[in-house]
Amino acid sequence: MSPANRQGSGIFDSLGPKARRRALIGNVFTLLIVAGLVFAGGNELHRKGQLAGQKWSPFTEWTTWRFLLKGLRSSIEAGGGAAILAFVFGLLLALARMSRRPLLRIAARIYVEIFRSIPVLLLIYMTLFGLPDYGINLSLYWKLVGPLTLAATAIVCEVFRSGILSVERGQGEAALAIGLRHSQAMYRVVLPQAIRSVIPALVSQFVSILKDTSLGFVVSYNELLFTGQIFTSYSRLLIQTYLVIAAMYLVLNGILSKIARVLDARGNRQGALLAGARPSTDEPVALNEGGLP
Amino acid sequence: MSAVTGNMSFLLRGLLATLELTGLSFVFAFFIGLFVATARVSPVRSLRGVGTAYVELFQNIPLLAWLVVFVFALPQAGFILPLFQTAVLVLSLYEGAYVGEVVRSGINTIARGQGEAARAIGLSTGQALRYVILPQAMRSVVQPLGNVFIATTMATSLTAAVGVVELTSSANSLDLQYAQPIAIFVGAGIAYMAVNLIVGQVTGIVERRLAVER
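Chain order of the listed sequences is S and W. Heads up: the first sequence begins at 770 in our numbering, then just goes up one per residue. Heads up: the second sequence begins at 84 in our numbering, then just goes up one per residue.
Worth double-checking, as some hints may not be accurate.
Simulated crosslink set (EDC-like; lysine to aspartate or glutamate; CA at most 16 Å straight-line) [claimed, not checked]:
#1 K980/S / E846/S
#2 K1027/S / E184/W
#3 K1027/S / E139/W
#4 K980/S / E139/W
Reference listing, derived: stretches of chain W covered by chain S, where coverage requires no fewer than 3 residues with Cβ under 8 Å from a Cβ of chain S [said to hold, decoys possible]:
#5 151 to 158
#6 265 to 273
For the record, the hints were derived by calculation from the structure and aren't laboratory data. Positions of the beta carbon are idealized from the N, C-alpha and C atoms, including for glycine.
Excised from the complex, chain W in its bound form (with noise of 0.2 Å):
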């Protein structure tokens, strides 16, 4: 135990750079996902083609594959940044696919009257998708959007693999330091807990503060 209690600021420290790199990495997935996915239901054929494309090279390569190939090898072609900016860009490019596939799901329950009654008023596709269909979709979504953002954070456990220092690195260290494995990785087990815990809570009161009555 005296491990973690008198590391206390140190595990802390950890804790933050995680919630940064989640926090960081969530918000940019959300704009690329949005953009993904109406990519994906555009009128322009090769947008869509596009999307797809994104989509599948990201959930089909793992993500410490992304993680090496951007810290490790794109170094060599001269395409340099800080670690931690390499982590964020990296893990919101990744979570970017996985937020698409959840925004183009809840577009695809919109009932089609919806899009042609928005049609049918002479709004232009764009302005459907933004006035009529997205605000619709992504009550939908919060749910799904909340896991995508529990995913992230234990996405971010991840970078510690490439030289990252967050809550699993500094555990990791800690231990090779105080050999306390239980009490030190359960600790960290239970901070990302906590973490996630409190994300599917918020993810409920959002889900029912945005839900429409009828």
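Next up, chain S with everything else stripped away, as it sits in the complex (with noise of 0.2 Å):
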């Protein structure tokens, strides 16, 4: 079995001899194409001289190194700050969103329709431009955070809320069942099994959230892109320090989105057994909005 057949399309699950035969010409022409294209590429930089060891040499001292890595962790406390708020208060608010108050999930509804579709960086010029008219003027730090926290808040609801309809009807039931009150099935029952069921979804967000901390760029807050471009603007090594500062963000964004996967695939695995040892009959049927029966 090639490894693809775990993709599942099921289009090519043994290839004859013919097919391994035209596969193999595949390799070749692929390996070709992409040495060409890196062949290029790197042509055309050591052409412009960009290659050359005087270039790179600050890259392999510590000083630079040093500053980089500050950025990075600016990055981390930008993004880890709104991602702590976002988890928090998108919680809050996608229980809000399923309350049994109108109201309150009226109010909730709103904030998720305006906030997921309004862009980020709009926010931003809002914090940046708008509110010091109006005598608010926040840290450098908090300028970018805000604005994160305001559109993740948004987006962690909408998570956390699939993650409480995705939790079988019949837990909810149960529990109501056995005597306990509302809030107390939503806390103890439903809520627990729903937090565990989007953990991978909320790491992917995070990455989305260390993504978007870039734009401190606009509010030049010091995190790594902007670090980056105070670097280039004394060092003038445009190319290889934005190239080294896209393998940052790749290392790290990269290892956390592997962590979302193998999580994700965890649960998978885990939720396949439990519905495995039992005769379950009853499918996970979504629980109304009042979040439960």
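Two chains, two frames, a set of hints: combine them into the complex.
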């Protein structure tokens, strides 16, 4: 079995001799094209003198790395702050969206609809240039983290909501049947299961928040991308610096994305095991808007 | 309010630029995504590797970093395009990775029997994809593709940070001139919301149109 079989489309479960030969030719072609592109790109950079040793030597010195890593740390601080706030507010908002009070439900819904469809940069410009006119002058950190939190809260709310809706209806019903109050059923039975099921999605959300911290570039908050810009302004090494910065983002976010995928696969496996363990006839039916029957 | 009503044509030009950026980028991203998704399920191992590498590269590096690389850094190596074209190029490449993941998830929802049946009646891998798998897969991903379109609309605002004049940057320059932040930014926000609302409605209609009645 080729590893691609796990991708599930099943259109080439086992290749015959002819197809295998064609796949081999395809492999050779692809590798040639990739090698050609890499060579052409490298050659172009070389011709412009961008690969010269002295253009890369700053990146062998610890002082450069200390400077850039400080930017990375600020990115993580901003992203972490925004993520923690958004996870807390997002959960509260999700509970409001599924509350039994219609007013709370509508207010939460309006918040989500607004902040899901307005670009973060517009919110940042608003805090950056709008709020000072009203005497509100936030610190640089909050000028970045504030708008990021507002936007991420709306998305995290939807993540939690879908998590709550994915908990089997029988769970809430059983909790009510053994005499728990509505709120007890929510907090002790439904929510713990919902939160466990959305952890992978929250990790991906953290990656997307980390990517959005690059907007600190606009706010001139010292995160990774802006740190890179400061570095280029006196080193004049634009290509080298931004390639290094991009690679740093790739490593950090790549690791986090991988963690999200592993957690997701594990969750699916456990779910499948649970489903197989008992003769389940009731499929996971969505709870009503009230959150519980 | 006067800043908004008096400069309606200026803001509308910004909105038009946003729509152009979004439309062009999404069309290119769609074809890039289609290619990336088929590469990732192809029987050719190196092609799968290229597809995966592409998605990892564009999903893990922020869009603004890509814009900065293409607008400020690459011209030093002699790669120079007009600003608007560069913005469309970067947006297409970036959103292409997301379209690719959406299409791949669509392909994965198709029952194995479909592909096996296609093979059994003698279709090649490419034919099976083109005539059997993709037509079904695309039907199931209309809604997620609509979400990518909305994400593209919002992503175009980042081009303001590298100097493209679109809705967000128009709103910002109006505010710098008139200092009426609430009216101007709320106006721009409403424009974005209206675009996204329309896109949401349209995807709903398209989804119903394409649905197969069984």
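Next on the checklist: Hint by hint, where does the structure go against what was stated? Just the numbers, ascending.
Outcome noted: none
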